[in-house]
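Participant: Let's have the full structure, built from the sequences with the hints guiding it.
Protein chains: 2
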Amino acid sequence: MAVTIKDVARLAGVSPSSVCRALANPDQVRPETRERVHSAARNLGYYPNRAARGLITGRTGNIGVVLPDLANPFFPSVVKSIQTQARRFDYAVFLSDTDEDPAVEVPLIRALAKQVDGFLLCSPRAGDDEIKAFAGQTPMVVLNRRINSFPSVTADSADGMRQAVAHLHALGHRRVAYVAGPRTSWSNRDRLRGLKNATTSYGMDLVEIGNVAPTVEGGTAVADLVIASPATAVLAYNDLVALGLLNRLQARGVDVPGRISVVGFDDILLAGLVNPGLTTVAIAKEHIGRVGVELLLELMADGERPATARRVLPTQLIVRGSTGPR
Amino acid sequence: MAVTIKDVARLAGVSPSSVCRALANPDQVRPETRERVHSAARNLGYYPNRAARGLITGRTGNIGVVLPDLANPFFPSVVKSIQTQARRFDYAVFLSDTDEDPAVEVPLIRALAKQVDGFLLCSPRAGDDEIKAFAGQTPMVVLNRRINSFPSVTADSADGMRQAVAHLHALGHRRVAYVAGPRTSWSNRDRLRGLKNATTSYGMDLVEIGNVAPTVEGGTAVADLVIASPATAVLAYNDLVALGLLNRLQARGVDVPGRISVVGFDDILLAGLVNPGLTTVAIAKEHIGRVGVELLLELMADGERPATARRVLPTQLIVRGSTGPR
DNA sequence: CAATATTCCGGAAACGATTCCAGACTGGCC
DNA sequence: GGCCAGTCTGGAATCGTTTCCGGAATATTG
Numbered sequence: 012m013a014v015t016i017k018d019v020a021r022l023a024g025v026s027p028s029s030v031c032r033a034l035a036n037p038d039q040v041r042p043e044t045r046e047r048v049h050s051a052a053r054n055l056g057y058y059p060n061r062a063a064r065g066l067i068t069g070r071t072g073n074i075g076v077v078l079p080d081l082a083n084p085f086f087p088s089v090v091k092s093i094q095t096q097a098r099r100f101d102y103a104v105f106l107s108d109t110d111e112d113p114a115v116e117v118p119l120i121r122a123l124a125k126q127v128d129g130f131l132l133c134s135p136r137a138g139d140d141e142i143k144a145f146a147g148q149t150p151m152v153v154l155n156r157r158i159n160s161f162p163s164v165t166a167d168s169a170d171g172m173r174q175a176v177a178h179l180h181a182l183g184h185r186r187v188a189y190v191a192g193p194r195t196s197w198s199n200r201d202r203l204r205g206l207k208n209a210t211t212s213y214g215m216d217l218v219e220i221g222n223v224a225p226t227v228e229g230g231t232a233v234a235d236l237v238i239a240s241p242a243t244a245v246l247a248y249n250d251l252v253a254l255g256l257l258n259r260l261q262a263r264g265v266d267v268p269g270r271i272s273v274v275g276f277d278d279i280l281l282a283g284l285v286n287p288g289l290t291t292v293a294i295a296k297e298h299i300g301r302v303g304v305e306l307l308l309e310l311m312a313d314g315e316r317p318a319t320a321r322r323v324l325p326t327q328l329i330v331r332g333s334t335g336p337r
Numbered sequence: 012m013a014v015t016i017k018d019v020a021r022l023a024g025v026s027p028s029s030v031c032r033a034l035a036n037p038d039q040v041r042p043e044t045r046e047r048v049h050s051a052a053r054n055l056g057y058y059p060n061r062a063a064r065g066l067i068t069g070r071t072g073n074i075g076v077v078l079p080d081l082a083n084p085f086f087p088s089v090v091k092s093i094q095t096q097a098r099r100f101d102y103a104v105f106l107s108d109t110d111e112d113p114a115v116e117v118p119l120i121r122a123l124a125k126q127v128d129g130f131l132l133c134s135p136r137a138g139d140d141e142i143k144a145f146a147g148q149t150p151m152v153v154l155n156r157r158i159n160s161f162p163s164v165t166a167d168s169a170d171g172m173r174q175a176v177a178h179l180h181a182l183g184h185r186r187v188a189y190v191a192g193p194r195t196s197w198s199n200r201d202r203l204r205g206l207k208n209a210t211t212s213y214g215m216d217l218v219e220i221g222n223v224a225p226t227v228e229g230g231t232a233v234a235d236l237v238i239a240s241p242a243t244a245v246l247a248y249n250d251l252v253a254l255g256l257l258n259r260l261q262a263r264g265v266d267v268p269g270r271i272s273v274v275g276f277d278d279i280l281l282a283g284l285v286n287p288g289l290t291t292v293a294i295a296k297e298h299i300g301r302v303g304v305e306l307l308l309e310l311m312a313d314g315e316r317p318a319t320a321r322r323v324l325p326t327q328l329i330v331r332g333s334t335g336p337r
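Top line first, the protein sequences correspond to chains P and A.
Under this note's numbering, the first residue of the first sequence carries the number 12, and numbering increases by one thereafter.
Under this note's numbering, the first residue of the second sequence carries the number 12, and numbering increases by one thereafter.
Quick caveat, the hints were computed from the structure, so don't treat them as lab data.
Heads up, some of the hints might be wrong.
Copies of the same chain look alike in the list, so a pair counts if it fits in one copy or across any two.
Said to hold, decoys possible - Straight-line Cα separation of at most 20 Å, SDA-like style, residue types lysine to any residue; simulated pairs:
#1 207 to 327
#2 125 to 59
#3 91 to 115
#4 143 to 14
#5 125 to 68
#6 91 to 113
Facilitator: Below, the structure is given as structure tokens:
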């Protein structure tokens, strides 16, 4: 069927081992044979079977990416930057979407583990302990979450929230609401923590509104609760939720930002396209992926070292039309 | 390092071959040994190395997905449905983003070919001939494009365009513009063809406006050309381009749909969230992925058969606020 | 020219799993 | 008890590649 190293060897009139050397360590063979092998490989269209190679070298050349929901525009951005950086180092990407189900994460990782050299876990929803069980077994870098004994890349939510709250405070708001994301999301807890600190230090009231799915529907579902609350501004777990709020508020005829100001988180593409534009805390999505890959490559190279590097990337408030004076 | 079949065999006190049988064909071993093997595997946390298995069975259990740009929200939707369907049949997904560069497609496919059982090519940008070179070698299904000798899944653009044009015609529009997508995109040619047929049969004038990148920026870049044209309505290659137009039109103070109506294509999530909502031709994105996987599985099972199944999925005009009477 | 050092190449083993084949054991039956 | 059929199991070969080891050929040196 497919062309193997033996076919190349036969055509070039050398042994398989020489073919391997000619292609991998060109300076270990005579220029003449090297040329013969190369042209034979070219003629037959030979590409080594990376799986077979991986069997013996222990390196597959693949990295696994696990994320909760590809339909959330935040993740494709991250994946894209992972791809770009991975390809630069000749790695291919295995992608898995868990559909926000914590229960499938661990089995998925286990099933994929032998086919990849390491994992990038984006916003994993499983419990710390379940994930920690992999410590030392498979190189892993966690994105958008911090877990002991794993390197991680996170955004500085606390500072982002501080910027957002400062902005709202300056506009005269004193009571704000937070629409929380999934209970299993570390980012949600992190953002809430940052928000609480910020509102406390500015002496503002904070109303928490139930946990919702991190989707547009999640936002629309609680928009009326926000209206009914005493808050004059609302911060959402992420942009999708914020957009859901925005949509429902407009449908109810509530003036944004006149009556209620809305702030999102992530700065996905949509945020700049809706009307009014969504004020949001931007995360450097391309950075997350790139830094994640860098960390993972280091970890895979160094092997043993605990390598609990923690990169915290800056956030930046992007002010658009959805926030205004109280 | 990792636990192999031998470790399980040793712990269970049987040979590796028996372990294999106990796990793969449970009825070929005595219940007692089967139980011993299972518990040994469970205790050690044994998961077979799929790459090694693939070497001998010829099946990797992976399918490769190649697409031009994950940042276009259309593709994540498709990928997600591919994932879902693939997992149902115990397949994992290899993802590759080509960054709209036709030149990297073929090398990418070749490099991945040995690691997957088949490919789903989403909107491939490479030339027909380059792709045809794979015919018979690797099972492949093409999405959003038709290529001889490959099964394909496409949307019925012609009908979608007919619906859109009928809608605009009924609103009184007689001159429409089309903002074309990438020259290398089959969908672009297909949509343009459908549009031409529709405008001709309705006796309407069609202005074509240059090829742009299939992004928001592509749309904003030519919005002023649209304004300067005699058209009272514009159809865009896809929703991103339409949103770019919409944005720039609003920035220039052009009334939509009062002065110009805008129609997109794809019905991505954003389309329903902007203001005014974007009238667009919806494609069943989840269907594309699902049907694509189904076709690929059939193709991989049947092997030889030409299998040039061509599924054309229906399109549906979604009318929102961006279109109105002339 | 002989002895040594160096370069280059082929053979064999290995990676982890599966599968075929043959042998060992069990049970049934006469 | 002996024979046959059937069930169950272990050993060996295999997939495609890499790597180690030893031998042959070449180059270097005295």
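Participant: Each of the hints needs a verdict: does it hold here or not?
Facilitator: Results of checking the hints against the structure:
Within a single copy, residue 207 and residue 327 get their C-alpha atoms as close as 18 Å, which meets the 20 Å cut-off; across copies the closest is 46 Å, which misses it. Taking CA atoms no more than 20 Å apart as the test, residue 125 paired with residue 59 passes in both settings, with 19 Å inside one copy and 8 Å between copies. For a Cα distance limit of 20 Å, the shortest separation of residue 91 from residue 115 across copies, 15 Å, qualifies, whereas the shortest one inside one copy, 23 Å, does not. Taking the closest pair of Cα atoms, residue 143 and residue 14 come within 20 Å of each other only across two copies (18 Å); inside a single copy the shortest separation is 42 Å, beyond that limit.
In this assembly of identical chains, the alpha carbons of residue 125 and residue 68 lie at most 20 Å apart whether taken from the same copy (13 Å) or from different copies (17 Å). With identical chains, the CA atoms of residue 91 and residue 113 are at most 20 Å apart between copies only, with a shortest distance of 17 Å across copies and 23 Å within one.
In summary, this structure violates none of the numbered hints.
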